[in-house]
Amino acid sequence: MNTTTLNVTGMTCGCCAGKVRDKVGRIAGVRTVEVDVAGGLVTITATEPIRREAVATAVEEAGFHLAE
Numbered sequence: 001m002n003t004t005t006l007n008v009t010g011m012t013c014g015c016c017a018g019k020v021r022d023k024v025g026r027i028a029g030v031r032t033v034e035v036d037v038a039g040g041l042v043t044i045t046a047t048e049p050i051r052r053e054a055v056a057t058a059v060e061e062a063g064f065h066l067a068e
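When the count follows UniProt numbering, it moves up by one through the sequence shown with no breaks and lands on 68 for the last residue.
Everything labelled a hint here was simulated from the structure, so no lab data went into it.
Wrong hints could be hidden among the right ones.
[Stated by the list, open to error] Distance windows between CB atoms, simulated:
#1 60 x 29: 18 to 26 Å
#2 48 x 13: 17 to 25 Å
#3 47 x 13: 24 to 32 Å
#4 26 x 5: 26 to 34 Å
#5 31 x 57: 14 to 22 Å
#6 60 x 14: 17 to 25 Å
#7 60 x 36: 13 to 21 Å
#8 67 x 27: 26 to 34 Å
#9 48 x 12: 27 to 35 Å
#10 39 x 60: 17 to 25 Å
#11 61 x 34: 13 to 21 Å
Where is the CB? At the ideal position from N, CA and C, for every residue including glycine.
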């Protein structure tokens, strides 16, 4: 398993976390998505390395952005 933690900007509540979890969870190979709203962190566990671009697209579809 591969684990990646990325910063996401703009999340303010549990609803935001749910949107991010839903979109990122649809990426092929993703097994779990943990969201820390207060810290702005998303931790992804996957069966293979996940491309940052794929996560960025999913996060943007949820209405948020990856931090630089």
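Supplied distance hint 13 to 21 Å, evaluated on CB atoms of residue 60 and residue 36:
holds (19 Å)
Assuming the hint says 26 to 34 Å, is it satisfied by the Cβ distance from residue 67 to residue 27 or not?
violated (19 Å)
Quick check: does the Cβ-Cβ distance between residue 60 and residue 14 fall within 17 to 25 Å?
holds (20 Å)
So the hint says 14 to 22 Å: do the beta-carbon atoms of residue 31 and residue 57 match that?
holds (19 Å)
Honestly, do residue 61 and residue 34 meet the 13 to 21 Å range at C-beta?
This hint holds: roughly 19 Å between Cβ atoms.
Range hint 17 to 25 Å (beta carbons of residue 48 and residue 13) holds or violated:
Given a distance of about 31 Å, which is not inside 17 to 25 Å, the answer is violated.
Is 17 to 25 Å right for how far apart the beta carbons of residue 39 and residue 60 are?
Because 20 Å falls inside the window, the suggested range holds.
Regarding residue 48 and residue 12, is the given constraint of 27 to 35 Å on their beta-carbon distance met?
holds (31 Å)
Between residue 60 and residue 29, does the beta-carbon spacing fit 18 to 26 Å?
Given about 19 Å between the Cβ atoms, the range holds.
State, for the Cβ atoms of residue 47 and residue 13, whether the hinted interval 24 to 32 Å holds or is violated.
Taking Cβ atoms as reference, residue 47 and residue 13 lie about 30 Å apart, which means the hint holds.
With respect to the beta-carbon atoms only, verify the hint that residue 26 and residue 5 lie 26 to 34 Å apart.
Cβ of residue 26 to Cβ of residue 5: about 19 Å, so the range 26 to 34 Å is violated.
When the structure is compared with the earlier hints, violations turn up for hints 2, 4, 8 and for no others.
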